[in-house]
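Q: Make a model of the complete structure from these sequences and hints.
In the order they appear, the protein sequences are chains A and B.
Numbering of the first sequence is given in the UniProt record's numbering, commencing with residue 1 and proceeding in unit increments.
Numbering of the second sequence is given in the UniProt record's numbering, commencing with residue 1 and proceeding in unit increments.
No wet-lab data here; the hints were simulated from the structure.
Be careful, since some hints might not be right.
Pairs involving identical chains hold if they fit within one copy or between any two copies, as the list cannot separate such chains.
With a straight-line cut-off of 30 Å between C-alpha atoms, the simulated DSSO-like cross-links for lysine-lysine are [to be verified]: (1) 413 with 8; (2) 83 with 223; (3) 105 with 83; (4) 203 with 22; (5) 203 with 187.
Keep in mind the model is a prediction, meaning the values are calculated, not measured.
Protein chains: 2
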Amino acid sequence: MEEEVIEKVKELIEQKDSDMVKELLIDLHPADIAELCNELSPEEARFVYLLLDNELAADVLIEMDEDVRKEFLDLLPPEIIAKRFLDYMDTDDAVELIREMDEDKQEEVLSHIEDIEQAGDIVDLLKYDEDTAGGLMGTEMVVVNENWSMPECLKEMRQQAEEMDEIYYVYVVDDDERLKGVFPLKKMITSPSVSKVRHVMKKDPISVHVNTPIEEVVQTIEKYDLVAIPVVDSIGRLVGRITVDDVMDEVREQAERDYQLASGLSQDVETHDNVARQTTARLPWLLIGMIGGIGNSMILGNFDETFATHPEMALYIPLIGGTGGNVGTQSSAIVVQGLANSSLEVEETFKQVGKESVVALINATLISLLVYIYNFIRFGGAATVTYSVSISLFAVVMFASIFGTLVPMTLEKMKIDPAIATGPFISITNDIIGMMLYMSITVLLS
Amino acid sequence: MEEEVIEKVKELIEQKDSDMVKELLIDLHPADIAELCNELSPEEARFVYLLLDNELAADVLIEMDEDVRKEFLDLLPPEIIAKRFLDYMDTDDAVELIREMDEDKQEEVLSHIEDIEQAGDIVDLLKYDEDTAGGLMGTEMVVVNENWSMPECLKEMRQQAEEMDEIYYVYVVDDDERLKGVFPLKKMITSPSVSKVRHVMKKDPISVHVNTPIEEVVQTIEKYDLVAIPVVDSIGRLVGRITVDDVMDEVREQAERDYQLASGLSQDVETHDNVARQTTARLPWLLIGMIGGIGNSMILGNFDETFATHPEMALYIPLIGGTGGNVGTQSSAIVVQGLANSSLEVEETFKQVGKESVVALINATLISLLVYIYNFIRFGGAATVTYSVSISLFAVVMFASIFGTLVPMTLEKMKIDPAIATGPFISITNDIIGMMLYMSITVLLS
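A: Structure (structure tokens):
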């Protein structure tokens, strides 16, 4: 969205020139209008909103940034939200919207939806856990009976499809509404009209259970290159479908979450967020890092005699700490990513630690050897620092690799997001343990 | 894929029991057969392959892991690759496959494709840059003329669609093949048969140019919730389409790449990769970290008198270095993510640095104050360490925030991937600069 357009709209809103604003909006896609609204104040956005017809207003609302939408909805009475938006939305979008409200408002909004079938579907969908297929699915889909002929099917489909934006698959059920098959919409056009649905459909379609975790839904859609996936309940009845656009949002969100956790940001934060949010997202790990640093100073404090007699020991503190941090981050990142894309299972912990140890052994040997050569030239072979730094480095690399592997694996086993074990957690922990190893080895050797 | 199934297949292959293997495969989805092949040796995979019919073999091949596929294709003569796979593949998949081969093999494989139209399309597609819309698109799509009636259109579509797996949109062109409109396949069924195509279609469809960078294609598909997007050339002619499954792979790959760069892994590496690859992916940053650490020891070496007289100064080396690393990582991660999802533009550098400075000021004040209180209690207000640590911390947090913002912004401006400025790069640099600040401030104050 260009700056000029936004400025133009703001100006027109100030002049209360509804006609001109309407004219500007008429050719825009809902996603573009949403982008525009993200840049406006809630009051300005409200002005734009009241110019849109219901269908379009609903489409725009669901494309808006979550926080802008929240502010905006706070300005509107529940009745308007229900009648102007929820009645015109796909059920999965409506559920997403309702989940963002507090419970009192939820109840009130639901009671104002005029289309009883729509309201019933939404209430049913709200029962599912947000992180499962049931929580992400919608009920808009074309469903036909396996015993119908293709012409019957076509007729029925014309009715069902009237209200839907886009359709990719036709789902086939038996008389008890159990999912039996699927066929792409294209078959409706290319298949001879005499055929029965059951002869056209692909049997045993790929589907997910209402309780399937979202990560698994994402993997299934990605693996089989689907644009939508049917959702069934415990007795195999078709209860909804999940579309690829929702799944793509999930992929993006999860990747951003993992990245943020690995970078020491404790909540979802963007460049456009205000200073208060930016600060609170960063402070937790900075404070933990500070406590870690003070802890480190206490550990090192026990060895100040060592520093007084061997001041050169202090020179390698950054090297030992930094290497531990780097190695640990690498190991834990590989594990977290492997767990996220299912190429690694919790059952493989032992195997992964074994492999990691071999890699660590090679890296540790190489690095400590290089540093040994350097120190040999700088301080000579007899100096404590020469061998104690290299032995410590070796120990730190070995420890950090195994620790960086074990921690996320253990968290996964405990059903805690392993991504929290990356980034500052690993570097702070390895920093402290690295110092303990370094000091202990130095004292032992001198 | 379950271990038992894999073991069973391996056993059957050893016994050369083609019939039983075939029976096991018959109900599997191509993506599942590919997953199975990923677990087999190239020779075993070859045995499985020769049992599949051409269509299925092509589908399986494109779903395989890139490195497994490479090994496997090396076993096959170019003629077989052309006739058994490329002839049966979507053009975008065929291009992906051919790009993985070296140039000599590419030429030879292309010369063996029997379907001349297919070969021509592939050769044309290979001309586009891999990172643009042209490099990702395929030519399989249903195209109709704007002047046709819906029944004409239906007839033509039946022919075109016969060979295609799945169709979501129908693209409309004028007599000069310029893209004029689009309509979802559903309209084919719900629109009255008397209408002309031009009255059914949506005008000015969202499209991308052949030279549009892939990141922008991804953003467009995500923003408008499309399942496919048409690609046009410089004079607006429709030349191809990109489907959402390819885009989703891109989202996943890019997120993994950014994550790996931020974690100090210099190449794409997975838990299942062998030890050599694991080691080479990690060593570069570990060696750079080592050089950084040695550099740090040289800087600190100039101050060993300071450590001899004030051994307590050494205690805070980890705190100063660690805080600089943490702050820098946070700042650069926010910038990299903002640039990746286009919520931040290079032109906003000045604004972003300003905002970052305010956030840094709050964090710096808070952390240095807390550490000051701690040190006041531990060492007293008169000790050099008490104020020099806090002043240094303040300076380090301010510097690291601004540096962590400026570096990725500058890289983006220079068209270099800003993600390389995250992770070890930022922490090593901030570690060194932090030490210089700490030592300079200490010498100035004592």
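Q: All hints, please: hold or fail.
A: Hint check:
In this homomeric assembly, residue 413 and residue 8 come within 30 Å of each other (Cα to Cα) only across copies, at 29 Å, whereas the closest approach inside a single copy is 55 Å. Only between protomers do residue 83 and residue 223 lie at most 30 Å apart by alpha-carbon distance; the minimum there is 26 Å, versus 39 Å within a single protomer. Taking identical chains as interchangeable, the C-alpha atoms of residue 105 and residue 83 lie at most 30 Å apart only when both belong to the same chain, with a minimum of 14 Å there against 63 Å between chains. For the homomeric pair residue 203 and residue 22, the shortest alpha-carbon distance between copies (19 Å) is at most 30 Å, but the shortest distance inside one copy (49 Å) is not.
Taking the shortest alpha-carbon separations for residue 203 and residue 187, both the intra-copy value of 14 Å and the inter-copy value of 26 Å come in at or below 30 Å.
In this structure, none of the earlier numbered hints is contradicted; all agree with it.
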